[in-house]
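Number of protein chains: 4
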Amino acid sequence: MKSTVMVNAAVLPAPGVKPLVRQYVLPPINEGECLLAIVASEVCGTDVHLYHGRLAGVPYPLIPGHVSVGRIEQMGGPLYYVDGKPVSIGDIVTFLDVYGTCGKCMYCSVWKASTRCPHRKVYGITVGAEEQPGLSGGWAEYMILRRGTQLLQLPAEVSPASWIGGGCGLPTAVHAIELSQIKLGDRVLIQGSGPVGLNAALLALLSGAGWVGVIGSPNTRLQAAKSFGVDLTLDIAESTPEARAKAVRSATGGHGADIVIEASGNPAAIPEGCSLARDNGKYIIVGQYTDNGDIPINPHLHINRKHLSIQGCWGSDFSHVYRAMEVLSRFNRNYNWESFISKRYSLVDVALALDDVENRRVVKAVISPSND
Amino acid sequence: MKSTVMVNAAVLPAPGVKPLVRQYVLPPINEGECLLAIVASEVCGTDVHLYHGRLAGVPYPLIPGHVSVGRIEQMGGPLYYVDGKPVSIGDIVTFLDVYGTCGKCMYCSVWKASTRCPHRKVYGITVGAEEQPGLSGGWAEYMILRRGTQLLQLPAEVSPASWIGGGCGLPTAVHAIELSQIKLGDRVLIQGSGPVGLNAALLALLSGAGWVGVIGSPNTRLQAAKSFGVDLTLDIAESTPEARAKAVRSATGGHGADIVIEASGNPAAIPEGCSLARDNGKYIIVGQYTDNGDIPINPHLHINRKHLSIQGCWGSDFSHVYRAMEVLSRFNRNYNWESFISKRYSLVDVALALDDVENRRVVKAVISPSND
Amino acid sequence: MKSTVMVNAAVLPAPGVKPLVRQYVLPPINEGECLLAIVASEVCGTDVHLYHGRLAGVPYPLIPGHVSVGRIEQMGGPLYYVDGKPVSIGDIVTFLDVYGTCGKCMYCSVWKASTRCPHRKVYGITVGAEEQPGLSGGWAEYMILRRGTQLLQLPAEVSPASWIGGGCGLPTAVHAIELSQIKLGDRVLIQGSGPVGLNAALLALLSGAGWVGVIGSPNTRLQAAKSFGVDLTLDIAESTPEARAKAVRSATGGHGADIVIEASGNPAAIPEGCSLARDNGKYIIVGQYTDNGDIPINPHLHINRKHLSIQGCWGSDFSHVYRAMEVLSRFNRNYNWESFISKRYSLVDVALALDDVENRRVVKAVISPSND
Amino acid sequence: MKSTVMVNAAVLPAPGVKPLVRQYVLPPINEGECLLAIVASEVCGTDVHLYHGRLAGVPYPLIPGHVSVGRIEQMGGPLYYVDGKPVSIGDIVTFLDVYGTCGKCMYCSVWKASTRCPHRKVYGITVGAEEQPGLSGGWAEYMILRRGTQLLQLPAEVSPASWIGGGCGLPTAVHAIELSQIKLGDRVLIQGSGPVGLNAALLALLSGAGWVGVIGSPNTRLQAAKSFGVDLTLDIAESTPEARAKAVRSATGGHGADIVIEASGNPAAIPEGCSLARDNGKYIIVGQYTDNGDIPINPHLHINRKHLSIQGCWGSDFSHVYRAMEVLSRFNRNYNWESFISKRYSLVDVALALDDVENRRVVKAVISPSND
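Protein chains in written order, with the numbering used here: chain P, 10 to 381; chain H, 10 to 381; chain D, 10 to 381; chain R, 10 to 381.
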């Protein structure tokens, strides 16, 4: 006789509707799938967007939570890590939140740009709670990972809280830093002091930058940046564009930054970022994740005459998650990503967590179902 | 006893003032300099901008003419070509219109972006007629090339008229094509059918593109593009943005072009170009040579989510001129760049030439002082 | 009642043992698979290596034939081309000879080097005749393509014979040319005049090279190179290294070639290729497909002081096959790849075909089962 | 009345002949030149090669000393730093040891590979003591820098001893690291523990490597590597190739290093380095500065099948010296490059210094004329 197991999950029923806890029947685990007992799941800015219905094509009701850590409880047949090692029951793992990348479309197989594959699905964002087999987000006691999901075991020196402290901002920043190809001594300016911006600043420091500046707010986040070695911080709420330009030019021999990384989400950052990069510099735009409208730029002054290189950065693939783990594994003893976590919330407090993130009362919020 | 030689030159006295012919005393040729009897000099869109005073920092009165071909008449000591061969009296040569690049500033020696060297000067654009030793533009019987100017001999198979038919648009297009890194089979869209656009289209075809489209006008230029093998032409004056998008998508499997090269000078081309590139495609912006104001773009849709790469392209260096000559030397028998020349003008007809270029009555106009 | 269909296939029973024709029972087509009636299949140098047992890890008995064209006869469920279009019964297709690339290992998902994926298998080379479901090579009346094999439809302008005329040498050359990143006017030297070398020479011409030279033999192949536009050919059998060095230096301003592509398979080509590249040039090594032993090089003279860039090139992925088809589709009217085919052979004449290829009596041999 | 000033300098009279101190008349300083009172000058492995006559084309007698720090004593007219700031009497400076790079040859102006410019000259190596105006090496009380030499002022936080502690190995390592394009988490193996190897190891750590290993000797140098954070050291004198391979594979998931940097000067390092790099990895060869003969490699196993990328690295340009100073300025407080200096020598003890360097009794030796 088989008993029915019920799983608690926090659900966004529809755009703009408050999250609530629902119970789902735990289905059988099919071949290629695995069952994860969630230890911790991130709350990030995307989740706020999901709550307000700002992303297109999201299938509500939705169990959010795209970056999560859990314990392997069941497997539908043998699974393997990227290095060929078999996955075992009890392993503490995270996973690439993207699955279903087809490997066969023009993006995957000809253009080598798998983050634009039209078949990719993202746990907690583009997979609805009612889509089979269910339990598709990390704000729940259990989650079912679909066939082909890439798992990554947490090494001893990386706690679940450290990984969630990095959150999706860390692999996103790894991607942005990869595109920026920092050379030893380069002067790097970050626009934005959210999780992506702070991680990008830290990774720039670890990549040999000669100077790193951050424009952002609120002051607590800028203090965090200062604490791990950022050379200059500028509070966007308490400075004029002219003052920022003056400060950046003063720190870069009058030329502007070799590399600017936009991680603010504010369209107004774009023309300012173009201006603050030096001629023939690089500008990585990673923060414009949602459509916040148009912004005027001057193509002559901002792009052509500057001989500027601009690179949009969208999504992460497994390499970014893998490298993020390598970074955490090596540098967590020095930088303690866990300290980004301001507060932990149970499943019933998800609404409060969203409110705290939206109002920037916390750097990083984490959902902890009762599994640890 | 030495006689005084007088040289006729067409001069722009001041912004907006009609050009006229002035006579200058031929000065002695100093060490490192050489005297060139001008055979042909280009009239390009930049010259129209100069006439109207649209470029900042131009020292009027000015003898225009930055791309020219001439015969070596005198040398102030031995000079050498890039391959080490000595320059001889009577050689038919052209030259990089930029000189004075310092080799020592941050742009030249650290950032390897010599087209942004603040010390570079451009014959016919940023050197005034009254700056010593004078005769600093090609719309004249003679021109004096300053010490360090890089000369390039015309091989037998490249006539002066072919080189001027290519004009400054050819090395500019070489630079844009270099930045676009076309792969075999790539689909390349050119915005603009002026000299830069037409040359870029032709060079894309020669670089292994699988499909080349051109958006431009007037129809005569689009016909020229068709004649040398362009697959699709779209008349900007007779099509809507929607129709153009539909045509480009239809030719690119619904995705947009792998590479878009902007060579139009119109800010409105920028958001359209972003849209017409495929996700993770490349967009080279080379046409925004003057400041024509701002244009709204959507950083989420146009850059970030597209994972688009945008590269501003400013100026040419000697490598582009050298490669332009290699191209002309090899392919001129097939494509006859001389045919771009619509009309020749003497020094007294310079005003007419500018008017014809401005009103696009000609593809390429050439000034022929009486030296051939 | 179901009748049993028997399929004729040419088989290599073991290393060094003459090929013979065997009959196999046509199995049912499972989900994800498809049945191809072979129209034409290539004989290439690899097949000669297979016959002699020179490749490690080959599972004999083997049905050779990795590049093939066929007609879709059956499908185990719907299949799609890379552009999303459904595959239909009767379509004339080719396919990437590599399948099973896992998408999940370090090579596939972190290092973006899928040609080094340890799980990849190659039809006609690393899949034995007895491996389920069988019919794993193109030298047969029918072939069964495994789940996940990437199909490519032949457009109207590309005949099966043209595709086989290009053979595996064409996508291999596309890969080598991609790595060589030719710029307009570059001088490119090819070592080897087999199918890879000839295709590389042709693709270099189509990519804007300013000069292309080929070192190879026999003379008939060098004549072919000349016929499609190669500037200089040097017969390896009738020239000394000194004479070749002199000829290449004479054609490259004394410096050596900007890019050298090795496609000879002879280790002795390596030090010569290093010497014939200019300082800071590029050297692509694609021909050393089998282990022919060591060769002495001088790391100071050949690599370090030259500031030389050397790139090994192994295998092809779908992008190279896709781009090869784009090239053929566009340029076949000018270059007629079908003309590389010297002779056609039936399944019973496979031994003769191998002998003709080994002794270079033919440029390209093709196996034609009786399906067209 | 003008008095004659005599300058003491250590001179190598001819290959293999012991150095001695000679006196030279201080000549007048011409326009574009400057006079430097030498504070410290490096002794490096190249100087040992010069003593033994192992480099071709060296004009003896020679005053060695290519990396030096000095105080500006006289200037023949105004001079400027790279940022445009004027040079002043009394400034403590170093300089790019290469001058005379022409900016006009194929290497400088077309191929952007100025380290292969045939006109470049190197102080202390390719400029003889008797070449006008003399005083062309740093092992002397004074040195005369030629027109166009690029100066770099030492910031307050970089002592002359720190800069010499870095020596020419530091910019050389900056160049090698630039070519290696390290990504976050990459595993980097260095062959050689001389100044270039140790600096490369340190810069790899500063560039975000996830693991750094060093193969070298003697043990004191490997201890130095350990002390600044290298993960694994292997003593070449006390290990077999098999043991080294095992250790590297064990540290890299069985694959080999993502990046190998050869800085040993031993040809035998080359095939071992190819083997220790992972498939599709990168191999930078920077240590083969002199011709130590041939070495057998297997082009199939070492290059082609590995899909390996090999890059020769020759010489430094100003960007590498500039970035070296940025690195030192930022990280010297953490890593104390001055500690690489084992011993200081006066001009009369130059023979002893060479002997100590040759026999690896010191990591870094420095010549201190009596100027500080």
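Treat the hints as calculated values from the structure; they're not laboratory data. Careful, some of the hints might be misleading.
Which copy? The list can't say, so a pair holds if one copy fits it or any two copies do.
[Unchecked claim] When the alpha-carbon atoms are kept at most 30 Å apart in a straight line, the in silico DSS-like pairs for lysine-lysine are as follows:
#  : residue 1 : residue 2
1  : Lys-27    : Lys-94
2  : Lys-27    : Lys-235
3  : Lys-352   : Lys-255
4  : Lys-235   : Lys-130
5  : Lys-255   : Lys-27
6  : Lys-121   : Lys-352
7  : Lys-121   : Lys-255
8  : Lys-352   : Lys-94
9  : Lys-255   : Lys-94
10 : Lys-352   : Lys-130
11 : Lys-94    : Lys-121
12 : Lys-27    : Lys-121
13 : Lys-130   : Lys-94
14 : Lys-255   : Lys-130
15 : Lys-27    : Lys-352
16 : Lys-27    : Lys-130
17 : Lys-352   : Lys-235
18 : Lys-235   : Lys-255
Results of checking the hints against the structure:
1. Taking the shortest Cα distances, Lys-27 and Lys-94 never come within 30 Å of each other, neither inside one copy (42 Å) nor across copies (42 Å).
2. Taking the shortest Cα distances, Lys-27 and Lys-235 never come within 30 Å of each other, neither inside one copy (36 Å) nor across copies (55 Å).
3. For the identical chains of this complex, Lys-352 and Lys-255 are neighbours neither inside a copy (37 Å) nor across copies (45 Å), given an alpha-carbon limit of 30 Å.
4. For a Cα distance limit of 30 Å, the shortest separation of Lys-235 from Lys-130 qualifies neither inside one copy, at 37 Å, nor across copies, at 43 Å.
5. With identical chains, the CA atoms of Lys-255 and Lys-27 are never at most 30 Å apart, being 44 Å at best within one copy and 41 Å at best between copies.
6. Taking the shortest alpha-carbon separations for Lys-121 and Lys-352, neither the intra-copy value of 39 Å nor the inter-copy value of 37 Å comes in at or below 30 Å.
7. For the identical chains of this complex, Lys-121 and Lys-255 are inter-copy neighbours only, at 25 Å across copies versus 40 Å inside a copy, given an alpha-carbon limit of 30 Å.
8. Proximity of Lys-352 to Lys-94 under the C-alpha cut-off of 30 Å is found in neither arrangement, the shortest distances being 34 Å within a copy and 50 Å between copies.
9. With identical chains, the CA atoms of Lys-255 and Lys-94 are at most 30 Å apart between copies only, with a shortest distance of 19 Å across copies and 53 Å within one.
10. In the homo-oligomer, the alpha carbons of Lys-352 and Lys-130 lie at most 30 Å apart inside one protomer (29 Å), although the nearest pairing across protomers, at 50 Å, exceeds that limit.
11. Proximity of Lys-94 and Lys-121 under a CA criterion of 30 Å is satisfied in both settings, with 26 Å inside one chain copy and 20 Å between copies.
12. In this homomeric assembly, Lys-27 and Lys-121 never come within 30 Å of each other (Cα to Cα): the closest approach is 39 Å inside a single copy and 42 Å across copies.
13. Proximity of Lys-130 to Lys-94 under the C-alpha cut-off of 30 Å is found in both arrangements, the shortest distances being 25 Å within a copy and 21 Å between copies.
14. For the homomeric pair Lys-255 and Lys-130, the shortest alpha-carbon distance between copies (28 Å) is at most 30 Å, but the shortest distance inside one copy (44 Å) is not.
15. Taking the shortest alpha-carbon separations for Lys-27 and Lys-352, only the intra-copy value of 20 Å comes in at or below 30 Å, while the best inter-copy value is 72 Å.
16. In this homomeric assembly, Lys-27 and Lys-130 come within 30 Å of each other (Cα to Cα) only inside a single copy, at 24 Å, whereas the closest approach across copies is 51 Å.
17. For a Cα distance limit of 30 Å, the shortest separation of Lys-352 from Lys-235 inside one copy, 21 Å, qualifies, whereas the shortest one across copies, 39 Å, does not.
18. In this assembly of identical chains, the alpha carbons of Lys-235 and Lys-255 lie at most 30 Å apart only when taken from the same copy (20 Å versus 42 Å across copies).
In this structure, the earlier hints numbered 1, 2, 3, 4, 5, 6, 8, 12 are contradicted, and the remaining ones agree with it.
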